[in-house]
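Number of protein chains: 2
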Amino acid sequence: MTITTLSLTDALAQTAREVEAALDDLLPMPDGAEARVVNAMRYAVMGGGKRMRAFMVMETASLFGVDRRCSARVAASVEMLHAYSLVHDDLPAMDDDDMRRGKPSTHKAFDEATAILAGDALLTRAFEVLAEPDTHSNPEARCELVVALGHAAGARGMVGGQMIDIASEGKTLTADEIGRLQALKTGRLIQYSAEAGAILGRANPMQRHLLVSYGRDVGAAFQIADDILDVEGTAEDVGKATGKDAAAGKATLVSILGLERAKLQADMLSRQAAEHLESFGEKSHLLRELAALVVARKS
Amino acid sequence: MTITTLSLTDALAQTAREVEAALDDLLPMPDGAEARVVNAMRYAVMGGGKRMRAFMVMETASLFGVDRRCSARVAASVEMLHAYSLVHDDLPAMDDDDMRRGKPSTHKAFDEATAILAGDALLTRAFEVLAEPDTHSNPEARCELVVALGHAAGARGMVGGQMIDIASEGKTLTADEIGRLQALKTGRLIQYSAEAGAILGRANPMQRHLLVSYGRDVGAAFQIADDILDVEGTAEDVGKATGKDAAAGKATLVSILGLERAKLQADMLSRQAAEHLESFGEKSHLLRELAALVVARKS
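Residue numbers (the working numbering), protein chains in the order written: chain Z, 252 to 550; chain D, 252 to 550.
Chain Z on its own, in the form it takes in the complex (with noise of 0.2 angstroms):
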């Protein structure tokens, strides 16, 4: 047996193909009218995004030796999870982004209905795939596994966060209230990435907690990076629109900090996230480039 030293590139591009076939699997085609919301659904999930979060599912995973078509499942409830949050983001009476990845948004390419709909199906679709049996053979591990998702993604985590957004327009926030904001809309869900690969893999309480502050700090820098992008990409990098957060009024670290503190901190959080790794040993290099990359993409 050969051991090869995947680079994160194409690992990153591994976990993509098979987070891909995982979508693919658990959204069928259903024969009848309701097959719209199906397609709109796939429109939504498939085929796009880096799968940042799918592959910190399965790292941390493979950090315990988990069966990769088990985590794969949970990855691609997670990013079910985080396609639904943008469908609804996207929404006119949300954000209103008519483009999303470089192509339109699920209510352009649709319609507002149906993408309404295509967003309330995959975070129904992303809980029932966790509990399902073929995701774990331990009950108790699928029900941990749907309660902390529920804690990220509801009142008081992505749905709270964006509530916050939203009432905030307009109004001067500080730089604590910003990193609440942003921890809560965005910053959850990464950070949850990270622990279901220690529920997964019936980590220790220890390296549970260690798992989760990496997720932490990733999605602390990862947002903070997504500030500068705003300011310094082009909407061709992206993939969507830039300049919106100054366009909308919307305060950021960036804003707040200028841009030199704010890659500052980024990259202070990234060091961060990645000596959180260190007792994991070899296994987790991937884990620790990729908290270096957040800081480092370009879209």
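Some hints could be false.
Unchecked claim - In the PhoX-like style, the derived pairs of lysine-lysine whose C-alpha atoms are separated by at most 25 angstroms in a straight line are:
#1 Z:K422 with Z:K501
#2 D:K422 with Z:K359
#3 D:K495 with D:K354
#4 D:K359 with Z:K422
Because the hints were derived from the structure by calculation, they are not lab data.
Chain Z is fixed; fit chain D onto it per the hints.
Relative to the frame of chain Z, chain D by itself:
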């Protein structure tokens, strides 16, 4: 110990109080700006409706002697799921209803963005509660509750039915097609409400099959009765606009079969529902009375 036999009216009222207390407990108010979405969730789910689905969960569970604190949590989940579906269905991009249960619908009382998020968070919380340890001591049962709800609520259940409904506006459906649409859109969640009791009670396959059949027939009878009320009822009685189906050009079984034949079919389904419970004996009398009530109700 005195055994008192509650009337169905009293039993419904008692369940409504229990599920209201459970919802209050399960939806605590946070401190931050995200409180707005929890306010909207509570507005949508509390203090309203007949709690028929909750009653079915708790009464079917009580056939097996399930602790009412456990079944009240599942009942609260089903009511959260039902409330989310109403909040999203009432949106301007969907059925565009300004009134619900005799008060402004959630997007009128708050705004569209908050209503979308409140629906999302109710759906999320429903799954989270089912998987939490307090819901059942056996994690296998909790997973089964999650999977069955996902099946009832997703693209092959409630959301699929809503998609067919929207896609069918202005089209002529056959009685069979309408029956399928309604089985998905409203039937599956009512069916789940009866199945949930079987799951909580670790029923044997035959018992579970009988309760699923009961739920399916009650759901179908309920929907025909709803369509009859839309024709015969006044907005004041029903608590929402009536005559909407005809105005929207939506075909119902009433418009296809005529009022008298529709009433006969609802009565047949109601009797059939009650018959599925015969083997459970006297302790199922409230559920059998409920099957009669759904076709006799005036609101």
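Hints, verified against the model:
no., hint, verdict
1, Z:K422 with Z:K501, "holds, 8 angstroms"
2, D:K422 with Z:K359, "holds, 23 angstroms"
3, D:K495 with D:K354, "holds, 17 angstroms"
4, D:K359 with Z:K422, "holds, 23 angstroms"
Going down the numbered hints, you'll see the structure goes against none, and every one checks out.
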